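Using the sequences and the accompanying hints, generate a full structural model.
Per the numbering used here, residue 1 is the first one in the sequence shown, and the count goes up by one each step.
Hints are computed from structural coordinates only; laboratory data are not their basis. Please note that a few of the clues may not be correct.
[Unchecked claim] Computed cross-link-like contacts, SDA-like style, restricted to lysine to any residue with a CA-CA straight-line distance of at most 25 Å:
1) Lys46 to Asn112
2) Lys46 to Met97
3) Lys46 to Ala8
4) Lys17 to Ala30
Here the structure is a predicted model, which means the values were calculated and not measured.
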Amino acid sequence: MTDYNFYAGYLRFAADKTERETPEIEAMMAELVRLAEILEHESRFKVEASKLRITARALAGVAGFLQQHILPEVVAAGNETGEAQTRWVIDTSMSIMANLMAHAETTNDSENYEVVLPDINW
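Quick look at the structure:
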């Protein structure tokens, strides 16, 4: 168990709520579940070169979902801890997404990428 279990929970929640309408969406949700399993034990994970872009899109989707649907409810409820967690997940997911996409572009999708999660700041 790690301090990042909450992040794993958010990733699983998004994967569970998403309709798997296409093979690409199925691949994105599989990556979210894979990351959640790792984050239950580690604070870092590796993304294979062939999955850089799909993982980036999956994390952007998590951030977008949380920002549109969850964050407004948490703020309206006055849940400061929940708001801090949700904002951390949104910010972290978007940062990882940007780093994955930049790495994919600069390496022509040819090198794996290791993600080290930032410190929890709440």
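Original post:
Going through the earlier hints one by one, which of them does the structure break, listed in rising order?
Top reply: The structure conflicts with no hint, since it agrees with every one listed earlier.
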